[in-house]
Structure formats: structure tokens, C-alpha cells
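Trainee: The primary structure of each chain is shown beneath.
There are 2 protein chains.
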Amino acid sequence: MTSFATHRERFIAGTYSPRDLLETYLERIDARESEVRAFAALDAPAARRAADASAARYRQGAPLSAIDGMPVALKDIIETADFPTGFGSPIFAGRHGRRDSAAAYGLRRAGAVIIGKAVTTEFADAFPGPTRNPHDLTRTPGGSSSGSAAAVAAGMVPVALGSQVGGSILRPASFCGVVGFKPTFGALNRGGISDQFSQNCLGTLSANLADGWAVCHAIAAMVGGDPGFAPFTGGPVPAPARRPDALVVLETAGWAVADPAAIAAFEVFLARVSAAGIRLLNRRTSARVELLEAAQAEAGPVSQAINNWEKLWPLAELDHRRGDQISPKLHGEIAAGRSMTAEAYRILLHRRDEMRALLIALADEADACITLAAPGPAPLGIASTGNAIFNLPASALRTPAVSLPLLAVDGMPLGVQLIGYPQRDRELSGIAAFVADQAAG
Amino acid sequence: MTSFATHRERFIAGTYSPRDLLETYLERIDARESEVRAFAALDAPAARRAADASAARYRQGAPLSAIDGMPVALKDIIETADFPTGFGSPIFAGRHGRRDSAAAYGLRRAGAVIIGKAVTTEFADAFPGPTRNPHDLTRTPGGSSSGSAAAVAAGMVPVALGSQVGGSILRPASFCGVVGFKPTFGALNRGGISDQFSQNCLGTLSANLADGWAVCHAIAAMVGGDPGFAPFTGGPVPAPARRPDALVVLETAGWAVADPAAIAAFEVFLARVSAAGIRLLNRRTSARVELLEAAQAEAGPVSQAINNWEKLWPLAELDHRRGDQISPKLHGEIAAGRSMTAEAYRILLHRRDEMRALLIALADEADACITLAAPGPAPLGIASTGNAIFNLPASALRTPAVSLPLLAVDGMPLGVQLIGYPQRDRELSGIAAFVADQAAG
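Chains A and B, in that order, give the protein sequences. Read left to right, the first sequence gives residues 1 to 441 (my numbering). Read left to right, the second sequence gives residues 1 to 441 (my numbering).
If you are wondering where the hints come from, they were derived from the structure by calculation, not from laboratory data. Be a bit skeptical, because a hint or two may be false.
Here are the computed lysine to any residue pairs in the SDA-like style, where the Cα-Cα straight-line distance is at most 25 Å [said to hold, decoys possible]:
#, chain 1, residue 1, chain 2, residue 2
1, B, K329, B, G411
2, B, K329, A, R99
3, B, K329, A, K329
4, B, K329, B, R49
5, A, K329, B, R37
6, B, K329, B, Q423
7, A, K329, A, V257
8, A, K329, A, D245
9, B, K329, B, D319
The following block holds chain A by itself, in its conformation from the complex (with noise of 0.2 Å):
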């Protein structure tokens, strides 16, 4: 795929412009959306008109940032002025908010055009939207970011905004085969999207690195990052490849789990990382390793009971007055919050920064953590979106952590899932892209 930062150098040279480029993007909506079904709304003579405007800044040699001109799609947990903001859930489909949200805002200051808002689970939670997989359309495109995945991998969009809790950017990555992206924890203001939970954060899926890193440059500087934690620190580029000396292999309780073809392939691969001079660790290894991996064990269920009392505000009090609207699953969710008590959360916030002090223990042993993504490709069907729990460890640790289209099992993607240190998104941008040249080599 042709980077945006290609496109934009035509745009400053005048042979070519934002709004030829919507066009191709609306032209790929035109020929998959009714099948693929990737956005809650669409709205696109708003998009030209922004295009238009972009283009005219290019013509006046003042584009407003290094994404202006930019096509992007949002997951609809974040807010807009203009399109309607569902959350996935019915009690609010159709709603119309009242302002952007500070990402949308974000976007819009640095000149991207928002073309449409991108389906999501109910409320990012399980319960699954419309969305189909592109690369075939009898499996799920995964969630919660569902519609931000699939639009990328139909090619309806270069960049769209997703958000990960559990593993809800890199997962529908890895099953849709595109390029997912969650920085550091905080590190782009998550101010106007439907929930806050503690391990939430916004990132984006992408036909390339570059370009989602751009967007996520382009919103920490118009608007920062979440309030009180450092904006994304990673430049306005990714690094040049870098190769890394060595890589943690984290098994994560996924690997008990895992299609026998999913970890063969990832095996392959790993074959190659290794025969370009990395050395592998792994919990066999290192002893430092085996703690991680033990404490990482309990990052599903750690997880899930951090989540599960954070839904005693918004999703709780909503239970209260609209439960009737509120699927089964995410209903018993909010009543296993309300069991619990301070206490016990306490205690698992507790847990989970123990995880992390023992990733960051690694720092000096290895350069990033290697593994799977999914525990295999999509999954048949739409009614389950997958299983995250290769996605958990990175999220309870709120770490950076990419997922790469280097894998194909069964004629479908499979990403491999790079994890680094906190703060340190640039140098795992270095190390995502040796190791991709791995699989192209």
C-alpha cells in the first residue's frame, strides 16, 4: 500500500490531491460496504467537503499537519458533532452528541478527513455488531473494534481510530489482517469516548505503521493525552528498522489454546527471526521470564474483575434505568461489578502493576516481547468476535504493543504481536520493522 506521506508529497507538488484520494477510498466503500457492512454511519459529501478544504490548504502551501488530507474512520465510542454516536447499543442508536470528542476534535484540527464512524461491539464490550470479515465474509472481522478493522482491510480507509480494553485493536488486527497499533497507556486523550476504563486505550489499524502513527503524532499534539499521563511519545515517524539483540517468546495462557497451525506458522517464523542473529528467550530460559509469564497468567481474570467494577458508572447507572436494552452478557458483567467490593479492587489494581513491574524487569534482558496475536485466524461466524487472550497480557500491562500481517493460516491472516517497555513505542516501531523485513525476506 502506498504510505499517506506518498500521497502527500504529490499533494504539495500539486499532481495530485486530498480529494482524488477520498475518491478512491469512496470508490472501495461504493464496491464492499453493503457486504462488509464496516460503518454505523457514513457521510460522504461531508468527507468531500473536507477534502475540498484540505486541498485548498495544500494549494495555499499550508496544510495544517502532517495527516491533513488524511481519510479516517472512528470507532463509534467516539463522540462527533456532526455523525450520530451509537456505542454499539441500541439505547443510543442514531443519537447525535453534542460536540466532538477530544480525538475527533483532535483530527479535525490537524486537517483529517473523517469520512464515517466505524461499527463497534455494544458498548466495545462482547456483544457483536454487523461487520463481516473481508477477506471472507462468513467470519467475523473480530472486536471490538470490528468496523475500524474491516474498513482498513477492505481498503475503505487508510487509518481508522480504535480502542483496546481487552484486545480490541489488536485482535480484529490480526484476524483482518491489517496493521494494529496501542501505544503506551495514556497516550492520546481519551476525553469524549463512551467509557474510561483504567486499561483503555485508543490506537489505531492501518494499512501501515507509518500511517497510524502519524494519526496518533498528529492527536497527542493537537490535544494531548489522557490527563496527567505523558502524550505519545513516539515522534511524528516511526524508527528505521532496528534489528533488537533479543526477544522475549511470551507464550501468555493462550499458547494452551492455541490452533496447532497457528503456533506451527508462528514456529516458521520465529525460525527466522532467529536466523537473522536475534536471540529468543523464553520461559524455559529465564527465570525472569517464567515470573512474567506466571504473573501474566491471571491477566484474563485480573483483567476482567478491574473491568467488571469499573462498569459501576456509566454502564451500571444505564443498566438501571435501560437494562432491558442491555445484552445478557454485558449485564452479568455489571452485576459481578456490583458484588465486588473497594476492597478487592484494590487488590487487583495491585496485581496488575506487579505484572507490569515485571515486564519492565525484562528491560535489560530483552528488547521487546514476541507472540501471537489470536490464538488462530477469524473464527466462522459473527455471533463471537474471537478470543482475546493473547490480547490481555499487553493490556493489563498497558504497554505498547503492534500486531503485523506477517501470518496467513488456512488462506487467512494471522498477526504476530510485538510488546514493548512503557514509554517506549519509538523503539518498538525500530524493532516492528526488522522484524517484519523478516517475513518479506
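Chain A is fixed; fit chain B onto it per the hints.
Mentor: Coordinates of chain B only, in the frame set by chain A:
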């Protein structure tokens, strides 16, 4: 003042009811609200219905919590489904929200009787509302929790929720002669209030510490704290009085600008504290105190700059759309935030964390810090809400602090401020009780 716990014993015994109690407060509102103007919205009939429902629960032997039947007011940045929430801004005057904020929902689940919304300054910043100081109507009640402090001081309500980014709980508490309490940062869920500044903390203004404390405990039990932070750890009631071994007398940047009569009154009080066998440290007797004083001298500009950056959303977005209805001072702060870089913000966060580390380093030398809660009594006029200079250190440190109405200057109240260590709110309450006894003794 009779504590709510005492009233509650009579509710349980059946000799008094929440409705009886409510009527005593409604009478005070009738008598004084026209001159004090503490409320942005009031609904006596709805409060009577809520009090009657509480009375029915007591008759059935099934109160919902230790604050069931307690009349409370909410600062008007705290959204409710029933009252309008105006944020002290003409842009939102009369605007009805769609849901209860976390604190409002928690209070309702606990059975509290929400009487109304208390006046706030514009978006809890500096531009004042119409409220007057109940002790002298020609003076400010302080801000930004202006109506919350005035309502409690005028006996209109036993507890009101406030919030503090700079000095917005402790300063009005000092000016109005009530107890102000700001727990450790994150202790009370801020979901659904108008801002998410990284120093912002919900807390209470109350006639006595126990009543405010009970409200904090109930909110944390029902809806938790901020996502990712320990909910209020103080327990259901404050600790009994306990004599501290040593206190740090903290001058802060406020010393240089304080009213000489205020300093004189404070020093008389300190002599009683010392006579009670408490060792007093200060910047001249302790090198570590001097380090903290030197760092805290920057608490004001560091807080202000952090706070300006954090106005990039939602206030800057609002300023884009409705700038003509934003005060010149707030508009200037938003512009200052726009001129900052993400890198500058990261450095400021680091400096703020260093201040906190310097406070925590004192924990083995002293039990808490003691200082004035304001540079003097409430200034004349209501065009300014006074100077927060004595409150900024505890705000920037995100540590528990309490203002106790123990001093008087010019016939007006003045608060003594105690500053504790993070998560040690309970210990601070025991010290506060002991220190308060020295004034009474």
C-alpha cells in the same frame, strides 16, 4: 452541630425522620437563600419525596447506607438526570443532562436526599457566580465550590460536594468557616463531571468532618474512585483523635502574601499545638522540609501550566464553537494551553511527581503538614473568589488535605489546613481531630 450519625440513630429509633430533618434545612434555605444565593437549582418537592422514601426504608429497618436520608447539595459541575447542570457557564445555563454522574448515582444508591445544585464559578475556574459569604454578605464565599461552602455555612445542608484543582474546596471552606476535605487523588469517581483535570479531586464541604467523611465512604462503596485509582480508603467513620508526634509547619509561597493578622492568629494556635507535646518542624529546622518548600514554591505556576494544557479538551473545543460566551480570563488560559508542547507538559508532570516524592520523603520525620488554608479571611466583594496560594501544594501533591474552621480574623472565620500523605486519609483524620481539640481546649 449535631452530626448526621446522631440524627440517624433517631431515625432508626423512630423518634425522628429524614423528612423532619430535611424540613429544618429547607427552613434555613427559605430564610437565607435570597441573600446568600448558594443554589443554581433547587427542588424542594423532589427532596421531600426522596426524604419520605428514605423514611419508609428506616421504618422497614432497611436503610441503604450510613447516609440514607442525608440532605446533600452538589456543585453544579456534577451532572444529574433531574436537575439542570450549568457548569457555571451561560453556554450551559438550564441544560438538562441525560444521566446521573457517578457521584450523583452513588449518592442516590446510598439513599442521600439531593436538595439541589450549588453555584460554581465558570467551569470551576475563576469567573465568579452570584453567591455571597453567609458570614458577611459583602464578601466572597471563595471558589470554585462557592455555593457548596456557602450552603453548608448558612446551615442549608449538612454536606455539599465540591471539587478542587487548585484551591476550590479548602479555600471556600476557610472563608465560610466550614470543614473542607479533599481525599487522596482518585478516591471518588469523577465520571460525569465537566472536567477531568489531572489534579481534580471531588471532596466535601461539611459542618463537621464525620458527615463529609461518611459521604466520601458511601460514594466510593457505590461507584468506586477514578478508574485505575484506589477508591477512598478512610473507612466508614474518621479515626478517633490521635496526637501526632511531629508536624511540619509548611509556609508555602503563601507566607509572603498572607495577612499579618492571619499569621499572628496561626502562630498563637501553633503555640497551643506545641504545648500539647507535638514537635513542630519547619524549613529552618529540617533540610528535607526546606527541599519540599523550595519545590512547592513552584506549585502555583506548575499547576496552572498543567491545567492550561489540559484545557485542550473539552474547553478548547468549546472555545472554538462558543468563544464569545467564555470569560476573557478562561479564554486566555485556553490560549496559553494551545501554545504549549506535549514535551513541555511531560516535563511539568515530572516536576509535579518530584514534589510528591519530596513530601513522601518526610513521612518518617513528621505525621502531617500544617499551614493556613487561606492567606486571610474572605476578601471584600464577590468579583474575585480570593487567592488559592495556600491550597496549591496539596492539590499538586494529590494528597489528602483538610481545612478546619479553627481561627478568626476581623470577626471572620479562617481555616487551619492539615496535609497528609497519599492513601493515608484515615491517619490524617485522627490528627485533624486532635488538632481541632487544641482550639477547643
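Trainee: Need the status of pair K329 (chain B), R49 (chain B): alpha-carbon distance at most 25 Å?
Mentor: violated, 41 Å
Trainee: Taking only the CA atoms, is the gap from K329 (chain A) to V257 (chain A) under or equal to 25 Å?
Mentor: holds, 22 Å
Trainee: Can the restraint linking K329 (chain B) and D319 (chain B) be considered satisfied, given a maximum Cα separation of 25 Å?
Mentor: Distance of about 12 Å is within 25 Å: holds.
Trainee: Holds or violated: are the alpha carbons of K329 (chain B) and R99 (chain A) at most 25 Å from each other?
Mentor: Between K329 (chain B) and R99 (chain A) the Cα gap is close to 23 Å, so the pair holds against 25 Å.
Trainee: With a cut-off of 25 Å on the C-alpha distance, tell me whether K329 (chain A) and D245 (chain A) pass.
Mentor: violated, 44 Å
Trainee: Is the straight-line distance between the alpha-carbon of K329 (chain B) and that of Q423 (chain B) 25 Å or less?
Mentor: Given pair K329 (chain B), Q423 (chain B) is violated - Cα atoms ~34 Å apart, limit 25 Å.
Trainee: Is K329 (chain B) close enough to K329 (chain A), meaning Cα to Cα at most 25 Å?
Mentor: violated, 48 Å
Trainee: Assess, step by step, whether the Cα of K329 (chain A) is no farther than 25 Å from the Cα of R37 (chain B), and give holds or violated.
Mentor: Given pair K329 (chain A), R37 (chain B) is violated - Cα atoms ~47 Å apart, limit 25 Å.
Trainee: Mind checking the alpha carbons of K329 (chain B) and G411 (chain B) for me, to see if they're no more than 25 Å apart?
Mentor: violated, 32 Å
Hints 1, 3, 4, 5, 6 and 8 from the list above are not met by this structure, while the remaining hints are.
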